[in-house]
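Undergrad: Residues per chain, in single letters:
Protein chains: 2
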Amino acid sequence: MDNDASWTSWGATRPALSRTARSLLSGALGTLTAQQSVAIEAAQLPPARLGAGAREALVAAVGESAVRDDPGSRAEHAGGQSYSDIIRRRHGDASEAPDAIVVPGSAAEIAEVLRICSEHRVAVVPWGGGTSVVGGLTPNLGGCTAVVAVDLGRLDRLISVDHLSRTATFEPGIRTPAAEAALAAHGLSLGHIPQSYERASLGGYVVTRSSGQASSGRGRIDDMVLGLRMATPRGELVLAAMPGSAAGPDLRRLVLGSEGTLGIVTELTVRVRPVPATTHYEAWVAPSWEVGTRVMRRLAQDGPKPDVLRLSDEDETRFSLAMSGTAGAKKHAMDAWLRVRGIRGGCLVVIGFEGSAADIRYRRHGVRRVLRSEKAVPLGSGAGRSWEHNRFSGPYLRDTLLDEGVLAETLETATTWSQLQGLYDGVRDALASSLSRDGRKPLIGCHISHVYPAGASLYFTVLAAAQPGGEIEQWAAAKRAANDAIVAARGTISHHHAVGTAHRDAVTTDLGGDQLVGVAALRAVKEAVDPAGILNPGKLLPS
Amino acid sequence: MDNDASWTSWGATRPALSRTARSLLSGALGTLTAQQSVAIEAAQLPPARLGAGAREALVAAVGESAVRDDPGSRAEHAGGQSYSDIIRRRHGDASEAPDAIVVPGSAAEIAEVLRICSEHRVAVVPWGGGTSVVGGLTPNLGGCTAVVAVDLGRLDRLISVDHLSRTATFEPGIRTPAAEAALAAHGLSLGHIPQSYERASLGGYVVTRSSGQASSGRGRIDDMVLGLRMATPRGELVLAAMPGSAAGPDLRRLVLGSEGTLGIVTELTVRVRPVPATTHYEAWVAPSWEVGTRVMRRLAQDGPKPDVLRLSDEDETRFSLAMSGTAGAKKHAMDAWLRVRGIRGGCLVVIGFEGSAADIRYRRHGVRRVLRSEKAVPLGSGAGRSWEHNRFSGPYLRDTLLDEGVLAETLETATTWSQLQGLYDGVRDALASSLSRDGRKPLIGCHISHVYPAGASLYFTVLAAAQPGGEIEQWAAAKRAANDAIVAARGTISHHHAVGTAHRDAVTTDLGGDQLVGVAALRAVKEAVDPAGILNPGKLLPS
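Note that the protein sequences, when read in sequence, are chains H and V. Read in my numbering, the first sequence has 391 at position 391, and its numbers run on one by one without any break. Read in my numbering, the second sequence has 459 at position 459, and its numbers run on one by one without any break.
Rather than coming from a laboratory, the hints here were simulated on the basis of the structure. No false leads were slipped in.
Pairs count within a copy or across copies, as identical chains cannot be separated in the list.
Heads up, simulated DMTMM-like pairs for lysine to aspartate or glutamate below, C-alpha to C-alpha not over 25 Å straight-line:
1) Lys-305 x Asp-359
2) Lys-375 x Glu-388
3) Lys-375 x Glu-290
4) Lys-305 x Asp-162
5) Lys-305 x Asp-222
6) Lys-441 x Asp-425
Please construct the entire structure, taking both the sequences and the accompanying hints into account.
TA: The following block contains the structure:
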């Protein structure tokens with residue numbers, strides 16, 4: 001965990017709420033009950049279960065200092081970054097702590113750790129940046145006797161660069177800023193920019209099938225991974241970097257999304273590009289969600305494609321402007337500017353480009369033509385830069401909201417363009433209905449931030465008055481309702497957050513349908529490579 | 001099989017060799033022994049082994065007329081389109097014939113056929129267009145008692161079109177021209193154009209991970225498939241069309257490249273696009289293979305990318321020009337034109353664009369700038385159109401060459417840009433050394449026709465004087481040498497032809513390395529979905 005991140009908050013900074021934001025919140029959500037955090041030193045830890053024999057073998061494999069079962073280390077690894085995970089820790093509940101943390105220093109040590117854990121029936125939770133929001137780090141025993149987190153923080157190097165092929169090979173535990181810094185020394189960049197950028201690890205991106213904010217231009221992590229090494233209890237899986245192949249099923253795609261249930265990625269080779277010569281961001285307002293969605297679709301299908309392309313619905317647009325402090329005279333002037341152009345409310349569109357000046361000029365021209373043809377109104381590059389500046393601020397802002405007593409969580413899905421509105425309506429209704437109580441309603445915003453020729457993602461942000469003492473059950477009910485709505489509307493249960501424990505009982509459709517053929521196939525793979533069943537039990541596959 | 005294709009030739013037409021081509025051939029390869037073909041009526045078939053009980057059950061499932069074990073039907077399904085397959089048939093050897101052909105009329109019938117075959121231990125070879133060049137249709141028994149080909153020719157419909165999402169859902173047995181015609185009625189196009197276009201089926205593309213000539217623009221079939229249904233002995237795998245997801249490993253990618261070993265695809269949903277408003281082809285000559293390769297790399301990495309992008313090496317360039325009848329005064333003029341610009345020999349570059357006129361204009365401009373900066377010389381759009389016109393002529397021309405007594409075969413691989421020249425040299429040397437005898441050498445041409453930011457494919461065409469009566473052993477030795485060279489140079493054993501029987505003993509590296517973890521994973525999947533082991537035995541996985 002980074003030094004500046006405490007066990008209950010994303011980072012050291014906690015943005016203050018503007019008066020506008022505060023009045024919008026209390027107006028919409030009603031009375032809020034401010035919430036305190038229990039310090040890590042007071043965390044309630046479950047008894048540690050790691051047997052002396054297993055501990056001894058692990059110490060022999062990785063060294064005494066790399067097997068950590070002190071209360072601080074355990075509490076620091078007590079779950080990920082979902083609302084429930086954070087609330088639990090804020091309450092001083094470290095029940096999600098593993099029995100010990102093992103910090104191997106090499107791929108060989110990882111292999112040895114897996115061997116020892118198989119022998120001693122110790123469950124292994126691979127630990128990268130610790131940013132799972134779907135319960136991917138929950139220390140389930142499965143049939144094992146104890147659970148260790150295998151923290152990959154020491155495997156944090158850029159191993160090599162192939163300039164001609166524009167690939168770079170990394171160890172899995174490197175965080176994105178460090179990876180970008182190492183690449184920048186070669187004039188290169190990965191350009192994978194999810195909101196968890198500051199803390200997530202490259203290995204974590206791979207096993208959870210991450211997608212970054214520049215996915216329109218760079219694609220998902222799925223598209224960037226060319227080669228892999230994965231340690232499994234059965235041996236090492238080695239997939240050399242290959243641009244394209246028809247030599248059987250692409251086994252890289254079996255590792256992508258495996259969520260630590262099949263092995264631990266020990267090395268990954270990714271596509272990189274020269275650091276872009278220029279970047280340009282701008283913001284527009286589309287007259288409505290319907291029109292904005294059409295703009296997204298036209299650009300995704302016929303281009304030109306910006307590298308970043310986002311559309312907020314009306315509620316998210318209103319809320320984002322309030323949060324960013326666009327208020328008073330500024331807000332008034334913007335409303336007037338839009339009203340003259342026939343827009344009341346409206347939906348924020350953010351577009352971003354990276355590349356050569358000539359390339360950006362060409363694409364901007366085409367994108368603007370599409371926006372203008374749909375009567376969207378430009379807010380200029382200042383508003384675009386403001387989005388870029390705040391692109392990682394979401395998790396910090398959440399800390400503030402939790403302090404105020406707000407339930408703040410996100411979830412995401414995707415489907416084809418023809419089913420998108422049905423999915424949007426279904427999930428919104430499910431969340432609104434579950435979280436409304438005594439006349440108090442939640443605030444639900446949504447944006448499209450990943451587009452494809454065939455469809456798009458929907459990313460929902462939910463704010464509601466937290467029920468003091470009942471926060472976890474309150475969100476669990478809403479999450480179940482959202483999962484059901486997603487399945488009913490034929491969306492994917494996760495577009496870029498993975499399955500973990502949060503979605504495992506709603507993943508059947510995604511994994512091959514009711515006859516469970518796909519689930520059986522994945523189970524068979526797991527049994528073949530992890531016969532003792534130690535790897536991240538209780539994740540991904542239905543219970 | 002199409003009406004115009006006989007059992008030993010690709011089609012009804014057989015292009016004549018020009019005088020230039022004939023003299024180039026005999027000059028290079030030495031004396032050739034013309035070769036005859038045995039008619040299908042005289043084919044030697046092995047005894048049919050399908051038991052009466054199994055036959056009866058199959059007839060009950062699909063109808064009497066859909067279970068065919070007459071000699072003609074069996075001989076027509078005796079192998080695919082590899083050199084060895086064709087030579088065997090030309091010799092009247094139908095030993096590759098299945099015991100019977102089953103022609104189901106629906107997905108439900110396919111499921112029932114798989115159930116019956118599992119019960120009776122009858123091996124199943126899924127049969128689409130019959131165009132495998134890697135032995136994918138070889139009727140291996142595995143541990144079974146008989147082998148049936150399941151011919152998907154009756155499942156040839158466009159099922160539905162989703163205009164908004166630009167997807168189309170097909171039955172698996174439809175051939176590409178029929179699929180394109182059905183889409184054209186909706187103003188749409190798939191745009192997957194391999195050389196086997198005229199006969200290959202969409203289902204076949206999927207399970208062999210095909211890549212078409214416009215892959216620079218449209219991507220591999222891997223990128224086009226959004227949804228699938230596959231019948232397996234264990235039940236149906238249903239993967240809905242989804243633009244992007246993080247809900248576990250993408251099981252579509254387990255079907256892609258499965259080569260009929262896991263099930264039979266019964267439905268596929270693919271990305272489609274509007275029929276392009278304009279197409280434009282042009283040809284250039286690059287000063288050398290090295291420079292031409294750099295042009296390919298620059299365009300693949302920094303763009304703009306044409307939709308079709310090909311580079312022939314010097315030998316293939318010379319041979320292609322001879323074959324296309326560019327001879328005499330025309331050839332003389334072209335040589336002079338090039339010589340003035342400093343090029344002797346040189347390497348043919350073909351580029352193609354499809355899209356709007358404005359988009360093509362922009363990309364052409366950028367592509368030309370790159371070509372000019374590398375001192376490539378334009379041959380104009382006539383030469384480009386000539387390539388487009390002849391893009392499917394290879395298999396027809398091969399028929400002519402076989403008649404003349406020429407061994408004519410192709411093979412392909414891919415690797416990263418930094419390893420490409422080593423792979424090129426290694427495979428060329430291996431083929432040349434294996435096929436040289438008594439001072440007679442083969443003609444070996446190579447082209448790059450699929451480019452990626454990280455690397456490219458190499459497609460080799462080999463011509464040699466066939467050894468009468470020893471053709472199959474002659475090529476088998478050369479193929480082994482090429483396989484070894486590919487593995488040694490860290491290429492993939494197939495870029496777009498698949499594994500089949502031809503590559504299964506050279507696929508270990510592609511499938512996860514020496515510890516066989518990947519092979520074990522795939523075997524486990526197979527055992528889970530095909531417990532009786534009936535599905536296409538002896539393909540894909542190492543023996």
